[in-house]
Structure formats: structure tokens, C-alpha cells
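Asker: Now for the letters of each chain:
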Amino acid sequence: MRNLWIFINRYNAFFFFIIFFAIGVILAVKNNSYQRSVTVNSTNEIVGNVYQNLNVWRKYLNLGSVNDSLAAENAKLRTEILSLQHIDSTKQVTVTDTANIPQYTYLSARVIKNSITLRNNVITINKGSADGIAPYMPVISPGKGVVGLVMDVSEHLATVRSLLHKDTKISVNIKKSDALGSLVWGVGNADITRAFVKEVPNHFKVNVKDTIVTSGFSSFPPGIPVGSVTNSSVSTGDNFMSIEIKLFNDFSTLQYVYVILDKYAPEQKELEAKLPHE
Amino acid sequence: MNSRLVLVNIGRWFILLFIQILLLRNLSFYNMATPFVYVLFLLLVPFGTPNLLLYLIAFITGLTLDAFYDTLGVHAAACVALAFVRILFISVTMNRDGFDEPEPTLGNMGFKWFVIYATLCTLAHHFVLFFLETFRLTEISYTLLRCVFSIIFTLFTVILIEFIFYNRRMR
Chain Y
403 MRNLWIFINR YNAFFFFIIF FAIGVILAVK NNSYQRSVTV NSTNEIVGNV
453 YQNLNVWRKY LNLGSVNDSL AAENAKLRTE ILSLQHIDST KQVTVTDTAN
503 IPQYTYLSAR VIKNSITLRN NVITINKGSA DGIAPYMPVI SPGKGVVGLV
553 MDVSEHLATV RSLLHKDTKI SVNIKKSDAL GSLVWGVGNA DITRAFVKEV
603 PNHFKVNVKD TIVTSGFSSF PPGIPVGSVT NSSVSTGDNF MSIEIKLFND
653 FSTLQYVYVI LDKYAPEQKE LEAKLPHE
Chain B
663 MNSRLVLVNI GRWFILLFIQ ILLLRNLSFY NMATPFVYVL FLLLVPFGTP
713 NLLLYLIAFI TGLTLDAFYD TLGVHAAACV ALAFVRILFI SVTMNRDGFD
763 EPEPTLGNMG FKWFVIYATL CTLAHHFVLF FLETFRLTEI SYTLLRCVFS
813 IIFTLFTVIL IEFIFYNRRM R
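Chains as they are written, first to last, in the numbering used here: chain Y, 403 to 680; chain B, 663 to 833.
Computed footprint of chain Y on chain B, listed as stretches where at least three residues anywhere in the stretch have a Cβ under 8 Å from a Cβ of chain Y:
no., stretch
1, 720-733
2, 745-755
Here are a few chain Y residues that sit away from chain B, every Cβ distance over 12 Å (derived from the structure):
no., residue
3, Y508
4, S579
5, F606
6, Y660
7, E674
8, K676
With the C-beta cut set under 7 Å, the calculated list includes, among others, these residues of chain Y facing chain B:
no., residue
9, N414
10, F418
11, F419
12, F422
13, F423
14, G426
15, L429
16, A430
17, N446
18, V449
19, T519
20, R521
21, V524
22, A592
Everything labelled a hint here was simulated from the structure, so no lab data went into it. Just so you know, even glycine gets a beta-carbon here, dropped at the ideal spot from N, CA and C.
Using the sequences plus the hints, can you model the full thing?
Answerer: What follows is the structure in C-alpha cells.
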């Protein structure tokens, strides 16, 4: 026993290393799993506060481009209102339809922390469970497509797993042909303006500048534009091709995002939980 | 270990983490090279620090970084790896009992010793960091490339900072 103690004491550097390294690795691996209890991340109160204060200053730097994008979206929405009014004016019908509440509600939030330089990027927004945000809600940017999925929620803050993350996979389709694929980022290059659509069946014809939209099979509503095709390659001996796309969204200047609240999401989740697991 | 040294180290911890989180977090060259200058703090922890304390400091530093980077455990593991390499390197290159200098700075230890020391420590740190972050071997070439470029960037910055602040005190 005493010899063992002397042995451990002599090589204490190594044993301490094993212990601490194991804790670190376990934390890192557990971090990917569904349930998390530790909040050592940016939804933490202290960390969130630092980023929120920092953002007060940074907000001004991008004010111009944010204004432009909001104005552009406003213009688009106004045009849509006009066209709707035009149809209404020909035939006034008043319908009190209580069943037909829209399935998706948008909630605007401000980005208080964003990163684009890592392999796994995480965004923090200033809305939390007090505003009705729950994990796995989709997040989009005004008029420019997908941003990511909500990951962790605290009372007033939430972290969003950005599209620029190794675990993010979003179901998309090519607008012209409705071919289904899944959108991933960071395979082979970490250019923040480019992403890949994988698992598209070979027999579809893809042209450069085709638009890619969300399919509605993942939690995103269908038809949200994602990007345009820049390159498609067929790998031999494979039934699927992978398409390189240019994202509409510029992640480096993200300021405001919309979180989409899906009315039927809990119902769908409950229903799909009944499927047998392999 | 006197109290002045402790205060200097606490001050250094805050300044380096401040720079890392607020400034360098947003910085990268072509998404290839990302500097992690906060490793300088762990490199400069005084010589006489007990191993357990050193590991604790490394772990807590890493965990703080993780909170701000939203990568729980990745930086912590990397910092612990750095601490391990640091202990090994110091025990191999110096005799155990008498440390003439209080801390392993460039000015105290000379250019050659410090560069080898910093290179080995940064190497361990960045390898653990990038591979834990990616956590798959299918992107190994890209991860290695990022790792190597980041090591060069970090080392360059660390040695630059050392030259700016410690050269004057060199005897």
C-alpha cells in the first residue's frame, strides 16, 4: 500500500493529467447529447451579461447594413400587403375563422454573441424561455434564409446552433425539381458563404443558380430560401451527388433574427416519439 | 511564492482572457488560422507551482474560455494537456530543486529555451483543441491544416508579446 502511494506520488503529474483530461473530454462529449444540466455556456447569467454589454457598442458598427436589410424586407412586405388589398377590394368577405390560426409565429430577437471562426459556431440571442422559446425551434434571418436551431434556453437568453456547426443538418430541396437533400456546412472548407447540399439523388438535373429552399421536413417551415447553386459534382460509384451552394445569409453581420414558433411542433414530437426506435 | 507574483498572475489572467474573448474570438485568417493567445498565461505560471494547483488553474482557465466559446470541456481538456507537457518539459530541461528564476519568461530563460517550450506546449494544446472540436476523423487533413496554421499564428503572437514586455528586463 505504501509503495503504491509512493509510486502514485512520484508520477502525480501523469495521474492528475489523466483525471483532469478525462473530465474535460467527458464534458465535451456529453455536451453533444440531448440532456444537459450544467450551464457553463453563454446562456449563463454572467457570460450573457458580458456579451450583452459588449453588443451595445458593436451594434452601431453594423447599423447601416441592418437598416438596409430591414428596409428591404419592409418594402417586400408592403408590396405583399398592397397585392392582398387589391384582391380584397374587389370582393369584401368577412370570415370569422377561429380554427385557422397561422401555424407559424415569428418572434424577433437580437444577436448578442456570434462566432464564425470556429468549426462549431454558436449564436446567442436575447430572448429566452420567458418569451416562449424552447429547444429545437428554428431560427431564420430577415428575408435571407436559415440561421440555425435553438440549442439551450435560459430565462432571458438562448443559444442557437448556427448552420456553421458540424451537427447542424437541415432538410432542403431544389426549388425547380423538388429534389430532396440535406444542408451541411464545413465539409472540406470553412468558407462562411458556402455550404453543401448532400444526398441529392443522381438523376436530378441541377443547374448553376438554381435556388435551394427548406423542405419543411425538418422543423423549418417550407419554402424559406437558403442559397443558390454554384457547383454540382457527381461522384462516381455513388447514387447521390453533393451540390455546393452560396448562402444568401451573411453570418458575419447577423444582427436581428426571427425565431419561429411552430404551433404543431409539440404535437408532432409526441406523435413521432411513438415510433419504434432501433 | 510571494504575493506580488500572485497579483501579477491574476492581472495577467484577466487581461489575456479579456483580449482573447473580446478581440481574438472574432479574428481568423481565411478561417484557417485562429490565435489562442491566452495560452501565454499558462506558459508563464511561476516555476514553483505544485502540480495539482497548476492543473486546477489550467482546468478553470479552460472552463472559463469554454463558457464564452460555448464549447464545454474542449478548452478545458486542451489546457490540461498543455499543463502536462509543461510539467514534463520543465522536469526534463531543468534540475528539480533550484529554480534561479521565478517564472519561465523569454527574458529569464533565453530565446532558444522559450521558443522550444512554447512550441511544444502550444502544439499539445492546439492538437487537443482542434480534434476535440471536430471530433471526427473524416476531416483529418483539413483539421490538421487548421491546427498547424493556428499554431504558427499563436506562437508568433506569443513570442511577439514576450519580446515587447520582457526584453528590457533581460540581463
